[in-house]
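Participant: These are the residues of each chain, in order.
There are 2 protein chains.
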Amino acid sequence: MNAFTPVTLPKPDPAAVQTVVEALTARFGNRAVTSKAVREQHANTLTWLPVEAPDVVVYPQSTDEVVEIVKLCAAHKVPMVPFGTGTSFEGHTNAPIGGVSIDTSMMNKIIAVHPEDLDVVIEPGITRKALNEQLRDTGLFFPIDPGADASLGGMVSTRASGTNAVRYGTMKDNVMALKVVLPSGEVVTTARRAKKSSAGYDLTRLFVGAEGTLGIITEITLKLYGIPEAISAGICPFPSVRAACDATIMTIQSGLPVARIELADAMQVRAFNLHSKLGLEEKPMLFVEFHGTDRGVEEQAQRFGEIAKEFGGGPFEWATKPEERTKLWQARHDAYWAAFALRPGVKTIATDVCVPISRLAECVEETHEDIERTGILAPIVGHVGDGNFHLTPLVDPDSPEEVAVMQAFLERLVERALKMEGTCTGEHGVGQAKMKYLLKEHPAATLDAMRAIKHAFDPHNIMNPGKIVQF
Amino acid sequence: MNAFTPVTLPKPDPAAVQTVVEALTARFGNRAVTSKAVREQHANTLTWLPVEAPDVVVYPQSTDEVVEIVKLCAAHKVPMVPFGTGTSFEGHTNAPIGGVSIDTSMMNKIIAVHPEDLDVVIEPGITRKALNEQLRDTGLFFPIDPGADASLGGMVSTRASGTNAVRYGTMKDNVMALKVVLPSGEVVTTARRAKKSSAGYDLTRLFVGAEGTLGIITEITLKLYGIPEAISAGICPFPSVRAACDATIMTIQSGLPVARIELADAMQVRAFNLHSKLGLEEKPMLFVEFHGTDRGVEEQAQRFGEIAKEFGGGPFEWATKPEERTKLWQARHDAYWAAFALRPGVKTIATDVCVPISRLAECVEETHEDIERTGILAPIVGHVGDGNFHLTPLVDPDSPEEVAVMQAFLERLVERALKMEGTCTGEHGVGQAKMKYLLKEHPAATLDAMRAIKHAFDPHNIMNPGKIVQF
Chain A
1 MNAFTPVTLP KPDPAAVQTV VEALTARFGN RAVTSKAVRE QHANTLTWLP
51 VEAPDVVVYP QSTDEVVEIV KLCAAHKVPM VPFGTGTSFE GHTNAPIGGV
101 SIDTSMMNKI IAVHPEDLDV VIEPGITRKA LNEQLRDTGL FFPIDPGADA
151 SLGGMVSTRA SGTNAVRYGT MKDNVMALKV VLPSGEVVTT ARRAKKSSAG
201 YDLTRLFVGA EGTLGIITEI TLKLYGIPEA ISAGICPFPS VRAACDATIM
251 TIQSGLPVAR IELADAMQVR AFNLHSKLGL EEKPMLFVEF HGTDRGVEEQ
301 AQRFGEIAKE FGGGPFEWAT KPEERTKLWQ ARHDAYWAAF ALRPGVKTIA
351 TDVCVPISRL AECVEETHED IERTGILAPI VGHVGDGNFH LTPLVDPDSP
401 EEVAVMQAFL ERLVERALKM EGTCTGEHGV GQAKMKYLLK EHPAATLDAM
451 RAIKHAFDPH NIMNPGKIVQ F
Chain B
1 MNAFTPVTLP KPDPAAVQTV VEALTARFGN RAVTSKAVRE QHANTLTWLP
51 VEAPDVVVYP QSTDEVVEIV KLCAAHKVPM VPFGTGTSFE GHTNAPIGGV
101 SIDTSMMNKI IAVHPEDLDV VIEPGITRKA LNEQLRDTGL FFPIDPGADA
151 SLGGMVSTRA SGTNAVRYGT MKDNVMALKV VLPSGEVVTT ARRAKKSSAG
201 YDLTRLFVGA EGTLGIITEI TLKLYGIPEA ISAGICPFPS VRAACDATIM
251 TIQSGLPVAR IELADAMQVR AFNLHSKLGL EEKPMLFVEF HGTDRGVEEQ
301 AQRFGEIAKE FGGGPFEWAT KPEERTKLWQ ARHDAYWAAF ALRPGVKTIA
351 TDVCVPISRL AECVEETHED IERTGILAPI VGHVGDGNFH LTPLVDPDSP
401 EEVAVMQAFL ERLVERALKM EGTCTGEHGV GQAKMKYLLK EHPAATLDAM
451 RAIKHAFDPH NIMNPGKIVQ F
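As given, the protein sequences belong to chains A and B, one line each in that order. Those letters in the first sequence? Residues 1 to 471, by my numbering. Those letters in the second sequence? Residues 1 to 471, by my numbering.
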């Protein structure tokens, strides 16, 4: 297998596909779309994996409608691909053997907010920014922030995390319950609204990170948090990546409840300067943010400044004004787009690995040496509090040599992370592109166990086929 | 089905059982025990469910030995029951159709501590107290504390939580990876040591709370935390359970990072006084504990005192001296045993439910009314920060009338919790005794999904059969 040659799957019967497309068009009218542009937009937009378009895109408005669609597809053994906003990186929404893309963007309501219980029940199509805008008056917010304005259904499905997972955890830690339409059309509710439960197998966590291969999520109960009384953010340059990582380790170990702690290497800082006109010193840089009371964040920022200094970092400049903070974090969030400023006109494969934090400096340093040796342009940003970092190698897709160099580089990156007890993906997920790395990460028995789950839930391999594990 | 009439299961072939017992005795010598006393001690000690003893108890010392035992049992289709310390409440370790109890108490080593990564790799038989004693010199600790000195393997398997889950989460949140011997004898490692991962289905969480029905855990990687610089604890009486619950809600909502917040009702306080000679005012009482810096815990305690006062609570007395704190928490931990002081000579069924915190006061009040109406003696303690509470109804097991009254009372308790969007068990697990409640808690499709997982992993139903869901 190879990241760029997807798994071979038996194609569905063309007549069955035709029947399903016609039935959907008859039933859903202009909510069932077969135009090439829309179909291709639902395949895969953010990688250079081959575009594999579905045969039809349908926009349900309720769980009942999803059930209808799923039962129709199941009856004809036609594949389904759940779709949120299409901002995932690994080909999750591609339709390798066609079928029906089920776009949840019209299921974007808040069903219920429970301020006393610090939870909210939502439909899967709402995006994280829309959710937080609608929550603002309650004084509560949902913290998980993968950068893109992804749908919550997509974030559940890729087990997303992002910049402030170091404080609030990942989607795994913040989903309380799900409603899921299984490949059979049966509707499962995974849990009730109690904060904890020992009532049977943890179906919630089974669907978190399942990338839509076990069912379609139609309702999500999420934990919420009080909007912090005070937020302060700052940046701190370091003499080396190692120094920045060591300062991060010390920060985490000392129990400082940092909300975000993000590394950008010198090349990424250069990209920020070019893209966002920031005028930052082009050295490895930590972006940090603290949440708490006024006194609390002041104390935290001060302690962080002291730790940074111990490792030769500084000056630590901090911004408590919202507009300065927004500017800084907007720059950080634009890391992916900023990277292109370093080499306009090329493409990239944004990738991520995650290692135990004690190995992070070593892993980033070795990766830097590899970057220098191969002459590749690959800025690094990292959620370093979690040991997770991202690369955006900038490569001319029309140059087979460059593509080959990058592929070999990515292989070595994963090998390096795995050798250090890490994982081939901290938060992007497997999709199509990382299936081959999963084979290296897990022993055969583990992959067999995953496959057993897939077979138990989706015996005909009609739910987002060709993702995560070979059927 | 009924809590006291376990599921009917086909018995294994007696000749096959005989063969397995002989093979184990030959292979493991005095680490395979068939004495009635040891077998019965491995069945079920903490409920009055009928004792269903295994045919043999075997004490493996390594994953390889567990694999040997499992393969032997699998070859002869003889049931296996994993065993930790036997402190679970719902008949988890009973062997309804006999077979082999696999006691992990000799697998009790720490395999590796990684202080920089704040994690530890252990064998499943180590108990939480032994773990924390051995960790002490590192300045780190494992916070989850269900009261009993349970084994970590058992705590993983029941998704245990306990008094400080409100701050540190439950086992679900603190297990990073597992090594598990499946019913086939295959060995699965669920994840690597990276702090987060999106590399496939979350097998870790699937085994957390599976009560040993999907495999036998032989290695556990746990998150650790720095021992707090300062700890302060205190108690605060309230005029009513509702006032105590309302103060708890306010505490949680205001973001006060309380480490423990425990309710005891007036009857339970009376039991504490009788059992631990405490001389406490016999009113609803909150036990609280704060972790942090010296300044931090002082600030937290002060804010909590103010909140308590708003709801008519007080005086809030707090103890920073370790010996005072230990005395208080020892009393709290002895709640189960203390209950018997109220009516010596009887038995109890310790049970727990969990509701959204906004419904907690209502749920406890209605339960109190029910207690008064039925004349049952049932003190209540609760991990109220999570909406979770425990009852220990004290009943003469030789009185069919009392037993019937209690059974009806427990039914109503579960119905009440479910009606309030709660769960039939917050942390004890399902085992045998709560299977019938699981049928009320989850829709049929959810139970079918759980059953599908069980069938996928254990097609012959030999791994802890007769627990959680009907096969």
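Where hints are given, some of them may not hold.
Said to hold, decoys possible - Sample of chain B residues lacking proximity to chain A, with all beta carbon distances greater than 10 Å (derived): (1) PRO14; (2) GLU65; (3) THR87; (4) HIS114; (5) LYS172; (6) TYR201; (7) ILE252; (8) LEU280; (9) GLU298; (10) GLY375; (11) THR423; (12) CYS424.
What the hints assert, rightly or not - To be clear about the criterion: a stretch of chain A counts as covered by chain B if any three or more of its residues have a C-beta under 8 Å from a C-beta of chain B, and this derived list gives those stretches: (13) 141-150; (14) 384-393.
Worth flagging that the hints you see were computed from the coordinates, not collected in a lab. Because the structure is a prediction, the values reported are computed rather than measured. Even for Gly, the Cβ is constructed at its ideal location relative to N, Cα and C.
Participant: B/ILE252 clear of chain A by more than 10 Å, beta carbon to beta carbon?
Facilitator: violated, 7 Å
Participant: In terms of Cβ atoms, is chain A entirely out of 10 Å range of B/GLU65?
Facilitator: holds, 18 Å
Participant: Are all C-beta atoms of chain A more than 10 Å from that of B/THR423?
Facilitator: violated, 4 Å
Participant: Regarding the assertion that B/CYS424 does not contact chain A, is the least Cβ-Cβ distance greater than 10 Å?
Facilitator: Since the minimum Cβ distance to chain A is about 6 Å, B/CYS424 lies within 10 Å and the statement is violated.
Participant: Over 10 Å to the closest beta carbon of chain A is the bar; see if B/HIS114 clears it.
Facilitator: violated, 6 Å
Participant: Check, residue by residue, whether the stretch 384-393 of chain A contains three or more positions whose beta-carbon lies closer than 8 Å to a beta-carbon of chain B, and give the verdict.
Facilitator: holds (count 3)
Participant: Does the claim that B/GLY375 lies outside the interface with chain A hold up, using a Cβ gap greater than 10 Å?
Facilitator: holds, 29 Å
Participant: Hey, does B/TYR201 actually stay past 10 Å from chain A on C-beta?
Facilitator: Given that some Cβ of chain A is not farther than 10 Å from that of B/TYR201, nearest at about 5 Å, it is violated.
Participant: Minimum Cβ separation between B/LYS172 and chain A greater than 10 Å?
Facilitator: violated, 7 Å
Participant: Non-interface claim for B/LEU280: all C-beta distances to chain A beyond 10 Å?
Facilitator: holds, 28 Å
Participant: The stretch 141-150 of chain A covered by chain B? Criterion: 3 or more residues, Cβ-Cβ distance below 8 Å.
Facilitator: Violated - the stretch 141-150 of chain A has 0 residues with a Cβ nearer than 8 Å to chain B, which falls short of three.
Participant: For B/GLU298, is the shortest CB-to-CB distance to chain A above 10 Å, so the non-interface label stands?
Facilitator: Check passes; 12 Å lies beyond 10 Å.
The structure is inconsistent with the numbered hints 4, 5, 6, 7, 11, 12 and 13, although it conforms to all the rest.
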